[in-house]
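Trainee: Please work from the sequences and hints to get the whole structure.
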Amino acid sequence: MAARHRSTAWLRTLTLVFISMVLVAPLIAFLLNAFARSWFYPHLIPQQWTLEAWARILSPQSDVLQAMGNSLLIAGVVTPTALLVGLPAGRALGLYTFRGKRLVEFLLLLPAIVPPLAVSMGLAVNFLRWGLAGNWVGVSIAHLVPVLPYTILIFSGIFNQYSLEHEQQARALGAKSWAVIWYVTLPLIKPGIVVAGLFAFLISWSQYLLTLLIGSGRVITLPILLFSSAAGGNNLTIAAQAILFTAPALLLLLVTNRLLSTDAVSGLGRL
Amino acid sequence: MTLVELNQISKRYHGEQTPALDQLSLTIPSGTIVAILGMSGSGKTTLLKIIAGLIEPSAGDVCFDGISVKHLPTEQRGAIMVFQNHLLFPHMTVEQNIGFGLKMRGVSRSIIEERVATMLALIQLPALGKRKPAQLSGGQQQRVALARALIVEPRLLLLDEPLSNLDANLRDEMRELILRVQRHFGITTLVVTHDQQDAVLLADHIALMSSGRLQQFGTPDALFYRPADEQVARFFGGVNFLSGEIDQQSIRTSIGTFCAPMNGASGRAVLTIRPEQIQFCEQSNGTNTVTGIVEHCQFMGIYYRHTVRTTNDTRLIVHSNTPVVAGTTGDIYLPPEHIWLVRSEA
Amino acid sequence: MSSADRVSSRQLVLLLAPALVLVLLLFGGGFAYSVLQSLGWQPLIGRTTLSLDAYHNLLFAPAYQEVFWSGLIFSLWVSTASTLLSAVLAVLIALLIHQAVQRSQLWSFLFQFNLPVPHLVAAIGMLFLLSQSGLVSRGTAALGLTTTPADFPVLVRDTSGIGIIIAYVWKEMPFIGVIVFGVLKSLNASVVQAARNLGANGWQRFRYIILPLIAPSLLSSSLIVFAFTFGAYEIPALLGVRYPRALPVTALFLFNDADLNSRTEAMALSVLITLVTSMVIGGYLWLRGIAQRLG
Chain A
870 MAARHRSTAW LRTLTLVFIS MVLVAPLIAF LLNAFARSWF YPHLIPQQWT LEAWARILSP
930 QSDVLQAMGN SLLIAGVVTP TALLVGLPAG RALGLYTFRG KRLVEFLLLL PAIVPPLAVS
990 MGLAVNFLRW GLAGNWVGVS IAHLVPVLPY TILIFSGIFN QYSLEHEQQA RALGAKSWAV
1050 IWYVTLPLIK PGIVVAGLFA FLISWSQYLL TLLIGSGRVI TLPILLFSSA AGGNNLTIAA
1110 QAILFTAPAL LLLLVTNRLL STDAVSGLGR L
Chain B
-17 MTLVELNQIS KRYHGEQTPA LDQLSLTIPS GTIVAILGMS GSGKTTLLKI IAGLIEPSAG
43 DVCFDGISVK HLPTEQRGAI MVFQNHLLFP HMTVEQNIGF GLKMRGVSRS IIEERVATML
103 ALIQLPALGK RKPAQLSGGQ QQRVALARAL IVEPRLLLLD EPLSNLDANL RDEMRELILR
163 VQRHFGITTL VVTHDQQDAV LLADHIALMS SGRLQQFGTP DALFYRPADE QVARFFGGVN
223 FLSGEIDQQS IRTSIGTFCA PMNGASGRAV LTIRPEQIQF CEQSNGTNTV TGIVEHCQFM
283 GIYYRHTVRT TNDTRLIVHS NTPVVAGTTG DIYLPPEHIW LVRSEA
Chain C
6 MSSADRVSSR QLVLLLAPAL VLVLLLFGGG FAYSVLQSLG WQPLIGRTTL SLDAYHNLLF
66 APAYQEVFWS GLIFSLWVST ASTLLSAVLA VLIALLIHQA VQRSQLWSFL FQFNLPVPHL
126 VAAIGMLFLL SQSGLVSRGT AALGLTTTPA DFPVLVRDTS GIGIIIAYVW KEMPFIGVIV
186 FGVLKSLNAS VVQAARNLGA NGWQRFRYII LPLIAPSLLS SSLIVFAFTF GAYEIPALLG
246 VRYPRALPVT ALFLFNDADL NSRTEAMALS VLITLVTSMV IGGYLWLRGI AQRLG
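Residue numbers (this note's numbering), protein chains in the order written: chain A, 870 to 1140; chain B, -17 to 328; chain C, 6 to 300.
Accuracy of the hints is not assured; some may be wrong.
As the list claims (entries may be wrong) - One side only, chain B facing chain C, incomplete, derived with CB under 8 Å:
{"#": "1", "residue": "A34"}
{"#": "2", "residue": "L36"}
{"#": "3", "residue": "T56"}
{"#": "4", "residue": "E57"}
{"#": "5", "residue": "I62"}
{"#": "6", "residue": "M63"}
{"#": "7", "residue": "F65"}
{"#": "8", "residue": "L69"}
{"#": "9", "residue": "F71"}
{"#": "10", "residue": "H73"}
{"#": "11", "residue": "F82"}
{"#": "12", "residue": "G83"}
{"#": "13", "residue": "V89"}
{"#": "14", "residue": "R91"}
{"#": "15", "residue": "I94"}
To be verified - Chain B is faced by these chain C residues, among others (derived, beta-carbon under 7 Å):
{"#": "16", "residue": "A86"}
{"#": "17", "residue": "R162"}
{"#": "18", "residue": "S165"}
{"#": "19", "residue": "S195"}
{"#": "20", "residue": "V196"}
{"#": "21", "residue": "A199"}
{"#": "22", "residue": "L203"}
{"#": "23", "residue": "A205"}
{"#": "24", "residue": "L218"}
If you are wondering where the hints come from, they were derived from the structure by calculation, not from laboratory data. Where a beta carbon is used, it is the ideal one built from N, C-alpha and C, also for glycine.
Mentor: Here it is, written out as structure tokens:
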């Protein structure tokens, strides 16, 4: 029986290794392409290596830097807004039960699951009328639609495990509302704030369709740039831009791996 | 009706100094209930799981009716275990839970239905067949778990702390059920417990375990009145231990010499006598008596517990139905037929 | 969570209002406006009467119906295939990792690391790997199986959506896998041991114990995948061809058409897409209710 255990263990490890290779393969393809000067069929590794793509990207006139700047700007505005709005809503849903709660939950989480197509189109036409189309302000506002449900979901989960005792204690000791929030609540949920902020940032960072429609093609963020590059065909440029685009998400995943629950991690899959 | 033999069973876990089980050998007579008794950490549940085939021993052999089952996986052994936390399948009804073993063996649906109905009647829960485990009380869940094991007519029934999660009156009911069922089917049954009273009330034989080793195997009577050593005696509530030297037919202790049955002991030994067997007597007739003063008299409900201080500040505990006031000086008598000698640990 | 906590409705309103307002305005408003536009309400060009013309056109008018029906079948095919493949693979791999008791921590990371890779990047990755002169093709050439790029089958930008399906499976299998693995971990391992002790072999343990317990989460996450892949734009836009074309790509194409009249059809199409996904979401929520009651 022990021998049978050993052979199935081998088979299992082999399968898992194979699957890992399949999962990693595209990322390796990116890495190789990003540094390949000439890499033609049928060579398996680049014939010549180069850093020119990166030099080009980091040069001051590069459109990549500009696109990145836009992405950062928009994500940088969306994140604190989403946190500010999502935290109280998540608190309400996580701590309390009340009549109509299921309906409220449903409404608030709906934008996360419904495809962005119809909503974006409707918003685009409207924003045009209000002068919000074609600029980063409009795009930022629109990004709140997919971002907000996730921050609310995360905060709701945090507050589900949260005990009001600490706040009650502080209040009993004479603290005013603002002091309670600043000295008790926020520090206690700090990991949750980090995770929610992460999600907000990443979701905004990776938005394509929404930015395309609301930005009317005038707001160029990194994914927009990447998409048009990909339709074009310079592998070197595409790969380098793709790496830049993906890097923050991967980095942040590594850093916060321990902080993320299963729900949160699976939520990342919506990116 | 299976005879079970355990030969030198050892189990060592990776990275642990002391083995969970240390060369344990035991023969369980066919058709009896044997209680495996011990404190937590004594290795009793590990032993049960090895017999069931859920854990592999590091060394040693398990035989059913003389044939080794060591290489049989648990699903083929027929040693069915009822776990401490019942482990009923949460997504199945009571009926489906009970019938599960038969379903796995390919028994036809109509026969399963019939047998499940019989089982439900046996455990006295005929109306609860369609319920899910979460809707049952703890005691009911335990009974369903028992039925689930019995229905497949196991060679061996293994019960892991069946009474521990139940409160007092449910305990009595469950105990009755186990006894009734065992007498009816005659299945060799092993019960793991840490409660000596449960062991004494349930079992035909008790195997007392400590730190992975077998301390003593015998009838409840034997463990109570003729413990193998001081540890066993203490486990069953022995509190009077006097070490001494054996001299012909008596033992010479620091508080006096006592006549006692020798049962093969010689040299240094320890005298034990249960507190309820020491008697207060009117006056000294000499042999096996000691003078002392009652330090403390405590009402224990059914009896009174006295602490008697004798020579050299040696204390003996005496139980009696009538109280003797603290401060009384008098004699206590240790009847030789109730004295038991055990090996000296020193 | 204590329902006994006294919280005034005023407090609740204050907490929930900003989020609700934003969602209602932006999401609700955006969608409502799309619906209105799909029904013909386009004040910019003077049309204010409502009608179902756009929907009718999509389904029956010669200018649109070919594109609609072929696109519907194509989108349904892609979503179904992607979901089924992802689900089956996810369960298999989750089981494998769960059984690799010793290093399951390490392997479970497998599921996680490609989750934050955006779908757009996944699509580009597939281009690099699966195009006729891509890495896999070069691999088969090295093995002697093919000699020129043309020998390698067309897997991306093909009419069967194979590249799209592969890209989706690459992304969504870990998504379902993480969820299933989470349920597997929380399963009381002893329950499976009890089943084994009662005589159940490996397959029986999976069929009667494990599968029923992971089923609700498996189904609900599969439904999310289906809904998502049905309404997503990026991957089919990059990896698809002109005909047949996934519905979301057609919708955007119509939206950007210079002829503003097509906009009505564009809106109608996106509303239809939303309706299909909403029905699937309804199923997900219902199943989630079941999962919560079981666990």
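Trainee: Next step is simple, just say for each hint if it's right about the structure.
Mentor: Now for the hints, and whether the structure bears them out:
1. A34: holds, 6 Å
2. L36: With a minimum Cβ separation of about 6 Å from chain C (threshold 8 Å), the hint on B:L36 holds.
3. T56: At about 5 Å, which falls below the 8 Å cut-off, the nearest Cβ of chain C leaves the hint on B:T56 intact, so it holds.
4. E57: With a minimum Cβ separation of about 5 Å from chain C (threshold 8 Å), the hint on B:E57 holds.
5. I62: Since the shortest Cβ distance to chain C is 6 Å, the answer is holds.
6. M63: holds, 5 Å
7. F65: Check passed: Cβ of B:F65 comes within 6 Å of chain C, closer than 8 Å.
8. L69: The hint holds - B:L69 has a Cβ within 8 Å of chain C, the shortest such distance being about 4 Å.
9. F71: Holds. Min distance 6 Å.
10. H73: holds, 5 Å
11. F82: holds, 6 Å
12. G83: Holds. Min distance 4 Å.
13. V89: violated, 11 Å
14. R91: violated, 15 Å
15. I94: Cβ of B:I94 sits 13 Å from chain C, so the hint is violated.
16. A86: Since the shortest Cβ distance to chain B is 29 Å, the answer is violated.
17. R162: violated, 45 Å
18. S165: With a minimum Cβ separation of about 39 Å from chain B (threshold 7 Å), the hint on C:S165 is violated.
19. S195: holds, 5 Å
20. V196: holds, 5 Å
21. A199: holds, 4 Å
22. L203: For C:L203, the interface hint holds, since the closest Cβ of chain B sits about 4 Å away, which is under 7 Å.
23. A205: holds, 5 Å
24. L218: This interface hint holds because 6 Å falls under the 7 Å limit.
Against the hints set out earlier in the document, violations occur for numbers 13, 14, 15, 16, 17, 18.
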